[in-house]
Every structure is written in C-alpha cells, then in structure tokens.
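Asker: Here is how the chains run, residue by residue.
Number of protein chains: 2
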Amino acid sequence: MSMGGVSLPLLFFFLATISATSHGFSMDIRHLFLATIPATSHGFSMDIPHQIHLLRPKAGSRNNDVPGLSCLSWRLGVETNNVIGWATVPEKCADYVGHYMLGQQYRLDSEVVANEAILHAQSLTLAGDGKDIWVFDIDETSLCNLPYYAKNGFGVKPYNPTMFNEWVNTGKAPPLPESLKLYKKLLLLGIKIVFLTGRPEDQRNVTEANLKHAGFNTWEKLILKGSSHSGETAVVYKSSERKKLEMKGYRIIGNIGDQWSDLLGTNAGNRTFKLPDPMYYIG
Amino acid sequence: MSMGGVSLPLLFFFLATISATSHGFSMDIRHLFLATIPATSHGFSMDIPHQIHLLRPKAGSRNNDVPGLSCLSWRLGVETNNVIGWATVPEKCADYVGHYMLGQQYRLDSEVVANEAILHAQSLTLAGDGKDIWVFDIDETSLCNLPYYAKNGFGVKPYNPTMFNEWVNTGKAPPLPESLKLYKKLLLLGIKIVFLTGRPEDQRNVTEANLKHAGFNTWEKLILKGSSHSGETAVVYKSSERKKLEMKGYRIIGNIGDQWSDLLGTNAGNRTFKLPDPMYYIG
Numbered sequence: 001m002s003m004g005g006v007s008l009p010l011l012f013f014f015l016a017t018i019s020a021t022s023h024g025f026s027m028d029i030r031h032l033f034l035a036t037i038p039a040t041s042h043g044f045s046m047d048i049p050h051q052i053h054l055l056r057p058k059a060g061s062r063n064n065d066v067p068g069l070s071c072l073s074w075r076l077g078v079e080t081n082n083v084i085g086w087a088t089v090p091e092k093c094a095d096y097v098g099h100y101m102l103g104q105q106y107r108l109d110s111e112v113v114a115n116e117a118i119l120h121a122q123s124l125t126l127a128g129d130g131k132d133i134w135v136f137d138i139d140e141t142s143l144c145n146l147p148y149y150a151k152n153g154f155g156v157k158p159y160n161p162t163m164f165n166e167w168v169n170t171g172k173a174p175p176l177p178e179s180l181k182l183y184k185k186l187l188l189l190g191i192k193i194v195f196l197t198g199r200p201e202d203q204r205n206v207t208e209a210n211l212k213h214a215g216f217n218t219w220e221k222l223i224l225k226g227s228s229h230s231g232e233t234a235v236v237y238k239s240s241e242r243k244k245l246e247m248k249g250y251r252i253i254g255n256i257g258d259q260w261s262d263l264l265g266t267n268a269g270n271r272t273f274k275l276p277d278p279m280y281y282i283g
Numbered sequence: 001m002s003m004g005g006v007s008l009p010l011l012f013f014f015l016a017t018i019s020a021t022s023h024g025f026s027m028d029i030r031h032l033f034l035a036t037i038p039a040t041s042h043g044f045s046m047d048i049p050h051q052i053h054l055l056r057p058k059a060g061s062r063n064n065d066v067p068g069l070s071c072l073s074w075r076l077g078v079e080t081n082n083v084i085g086w087a088t089v090p091e092k093c094a095d096y097v098g099h100y101m102l103g104q105q106y107r108l109d110s111e112v113v114a115n116e117a118i119l120h121a122q123s124l125t126l127a128g129d130g131k132d133i134w135v136f137d138i139d140e141t142s143l144c145n146l147p148y149y150a151k152n153g154f155g156v157k158p159y160n161p162t163m164f165n166e167w168v169n170t171g172k173a174p175p176l177p178e179s180l181k182l183y184k185k186l187l188l189l190g191i192k193i194v195f196l197t198g199r200p201e202d203q204r205n206v207t208e209a210n211l212k213h214a215g216f217n218t219w220e221k222l223i224l225k226g227s228s229h230s231g232e233t234a235v236v237y238k239s240s241e242r243k244k245l246e247m248k249g250y251r252i253i254g255n256i257g258d259q260w261s262d263l264l265g266t267n268a269g270n271r272t273f274k275l276p277d278p279m280y281y282i283g
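First to last, the protein sequences are chains H and S.
At position 174 of the first sequence (counting the first as 1) the number is 174 in this note's numbering, and the numbers step up by one without a gap.
At position 194 of the second sequence (counting the first as 1) the number is 194 in this note's numbering, and the numbers step up by one without a gap.
Everything labelled a hint here was simulated from the structure, so no lab data went into it.
Ideal placement from N, C-alpha and C gives every residue a C-beta, glycine not left out.
Mixed in with the good hints, there may be bad ones.
Claimed, not checked - According to the in silico footprint, chain S covers these stretches of chain H (three or more CB under 8 Å from chain S):
1) 102-114
2) 153-164
What the hints assert, rightly or not - What follows is a list of derived Cβ distance ranges for each label pair:
3) H:163 x S:125: 56 to 62 Å
4) H:159 x S:125: 26 to 32 Å
5) S:266 x H:220: 28 to 34 Å
6) H:243 x S:200: 35 to 41 Å
Just chain H, same shape as in the assembly (with noise of 0.2 Å):
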C-alpha cells in the first residue's frame, strides 16, 4: 500500500486506533467513523489533515501535473455504472480513495442515499400484511469492512479471498451506520428486512452474529449464496432469489446495495438505492 505524504498521518493514526481495539468492534466502530469529527473539531486539524483538503484534488502550481486529479472523475464513472468491471482500484487512486473511505465524505454520501429511502419508505401506502420488505445487500451495506480494507491497500491489492475470509470470520465488522438508521426506521413503519448477500452458505452462522453484533438484531430472512448458485453473476443470482421471495408474495418496496449488481437485473424492487463503494467491483 503507498501512501502519499500528506495522507500518512491520518491513515497512522486510522490504522493504531483500528489494531488497539481490535478486541471490541463496537469501539472498532466509534473509533473508526466518529475519530475524524471530534479530531477536526478539538482543533487536530493541522496535525491530521481535514479530510476535505485531503480529497481536494492535488493542484499543482502553474503547468505542473495534478497527480490524482482524475480519480474524481473514476469515482463517479464507478458510482453511475460506466466503469465497469474493474479488478483492483487503479493505482494512482489509493491515496484519494483512502482518504474518501475514512473521511468524512463516504458517511456524507452515505447519508443522502439513507435519508433518500426513508424518505421513499415513509411516502408509502403499506398493506400491514407483513409482506412488505426491503432488502439488504451486506458487505459495505449493512457491514461495513473498512477495518479490513484500511489493512489491505483500499482495493488497491487484488482480492485475496483467504484474507478476506478470515476478517469476515471475525465477525467483527461494524455497521455502516446509515444503513442501520435507515434498518431502524424501516422496522418502525413495519417493513421487514431480507438480507440478501453474496457471502456463502457457511459464512451463515458468523453473519447471523456479526449482523446481531451490528445493531441488526431482527430479520425475515438471511439469504446466503448456496451452492447451486456457484458460478453464477450477482445480478443472476440476486435476481432469481427476488424472484423467489416475490413467488411468495412478498412485495419489494426498496433495495439498498453497494454495487449495481444489487440493484440491476430482474425483481429489483419497487426503488433502488446504490450507496457509495470505491473499493471493488462486483458484476
């Protein structure tokens, strides 16, 4: 992972709060989202740089390059479903989508989408028969593998599958706090919750956990990728278990995911939400 200069303090002090309590994900998680505010706020600014100087593209003076400039431009092309199909971040855009993920402006981002959703969810007529649901995608969705990805270069690395497994096998990820806002209130209009993920069959008991550990204490249903679904794309195997849930006489009146790949395809759900995911590409 290489970091530019004015990045490593931050990312530093990100990595030392993540490593010392890394035994309570419930500290994981007030350290790792709140850390910039009260920092910015008690005037550390000069010492750990605001992250909106941080995301500012790098002007240079007259002439010169402007190292990391287009990776604004990336970021929206991955965000509105043009650049596609992309393996690992490009390499020049660590720094900026390092610094995106633990600013402040990844939580901003995420906050217009939650609050677009509750808005939709509250605009509705629902039937009160309990078969109106909103599905969930997990990973940085409803959890949150920032602590992960701030160890393993941003999705500058390629996907090591070993690795990532045995953080998900912690069970200790955090929400991602938007979505759990947006889970809370969902609850209290009486829509049910159907977490649908691309996680195995037996990752099934370390999610149930991690999800109850989260905040995500209650569900409809937890579908997980079984093995009849290997080998399948995202969008085909989401779409056919949509399809299964809407055989059944569930209404889909929202879906919130990280990746297009959630919210394309067939059953998609009465409206979509796509929440910000510069890390990795899943089709």
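Since the structure of chain H is already known, use the hints to place chain S on it.
Answerer: Using the frame of chain H, we list chain S on its own:
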C-alpha cells in the same frame, strides 16, 4: 442567481465571453469550454481562480459551518439516481453547480464516460449489416445548453419553457465535445447513430441545423417527441421508440444520455452510459 464571492470573477468572465460571441456558436463553444485551460496555463490563476479551488468544499475554520459541503453528496446522489424527482437545484448549491459546469471537472467527468463508451464499442464484433446503432440523447448529451443555463442560474430557477425554447430556436447550442468525439469514433467503426430526444417535432428543423453546425453531420434517424407521446414520461416515450427500432431489426449496442430516464425502461441497449448533469432532472 446568487453566486458566492470567490466565484464572481470567473462567472463574469464567462458571461462576458458568451455575450461577446453570441453571433457564432463555434466561437461560443471554443470560449465556453476552453477558456479555463489557457487562462490557467498562462498564469491567470491569481485573477481567475482555477476551478479546482472553486470546486473544493468551503472548509470553514474549526467548528464553523461549512456551507456548500453537502453539495458533493447531493450531486453524487443525483448522478447515481438516488435523488430523483427534484424540480430545481438546491439554492445553496447554485455556486457549486455553476463552478462544476464551467470548470474542468464536468469535462473530465464526461471524458471518462465517453472513453468507456469508446472502449465498449471497440470491444464489439459488429455484424456490418448497417443495423448496429447507438442511441444519443440530444440536450446535455449531444448538444450543450450551458450558454443558456449559465445565464439562467444553472438549474436553480424553475424551468421556463418559453425562455428555454427561445434559446433552442437560436440553433446555437455547441456540442458536448466528449460526445462529439464518441460520435466520430462510432461512425468510423461503422456504427450508425440514432438521435432520440424529448424535443418536440416542431423543433425538428432547428435541431437538425444545430446538430450539423455542431459537427454531428449524419445520422440514421432523428426521433423527436411526436404529439402522440404527449403526456408520457421520458422513460415511457423513449422505451417505446427504442422498441420500435429493435422491431425494425436494429441492434442498440450503446445508449448515452445525461438523464437516467434516457437509460432506464425497456430496450435500453447492450450497454448504457450516463453523462453528468447536475442542472435538471427529467423523470
């Protein structure tokens, strides 16, 4: 139109440019789109702030409000189809959107989309029977109405059909250069172009003339919104027109537009490409 302090010199510069060159759209586009680059590279950056500075969220000193900060999240929400159905740009984002559109970032973001589209087109094995087509939207995709919007608040003011149609009827809209580049590449590959627009039939002549003046010299079809589609949403109208194309044996191998309503619905094409547009929403 309320624009913040730092932005005014740049905007006045652009507005003066537009007025001075309104007799010739080819001058308009050169000035409108390229003025920042020579201005910056020749050392005017002290007088005319580089748009990267302007795009930077206004980070206040500690604990201060950070006005405009959420405009980044709002724009991402719009571009990812999370924020929908809005009538006008939020007042607080007028400054942000204006600078985004007139600055380099809009062009860089458009370039990533066009380049991905070119890569897609080049990856295909074409039948060579003249039935491979690419669907182009017109406004903010092929032709650029920025000279109008720069004088009319960048989408902050409610849509004024009378004034907008007066602008359209001048026939002076420049091309979006990145789309023109894509268009030319597609023609070289033997792909035919179909323009599909929400502009009404009574703007056919001026639209044809404007397209040709802008460099879009040839097309297979130019489909405008006939009166039989009045009252239909863009998604319904465009889906039905694309269906007619496919029933005539055309294969839509690509589809590009600035609105999700250009790209959703049925018969959307082999792949779709979303250009940025934070100025207005069409459902």
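Asker: Take the hints in turn and mark each one as holding or not.
Answerer: Here's how the hints hold up against the structure:
Look at the region 102-114 of chain H against chain S: 6 of its residues bring a Cβ nearer than 8 Å to a Cβ of that chain, three or more, so the hint holds. For a cut-off of 8 Å, the count of residues in the region 153-164 of chain H with a CB near a CB of chain S stands at 0, and the three-residue condition is violated. Taken as a hint, the range 56 to 62 Å is violated for the pair residue 163 (chain H) and residue 125 (chain S), whose Cβ atoms sit roughly 38 Å apart. At roughly 30 Å, the beta-carbon separation of residue 159 (chain H) and residue 125 (chain S) lies within the given 26 to 32 Å, and the hint holds.
The supplied range of 28 to 34 Å is met by residue 266 (chain S) and residue 220 (chain H), whose beta-carbon atoms lie about 31 Å from each other. In this structure, residue 243 (chain H) and residue 200 (chain S) meet the distance hint of 35 to 41 Å, their C-beta atoms being roughly 39 Å apart.
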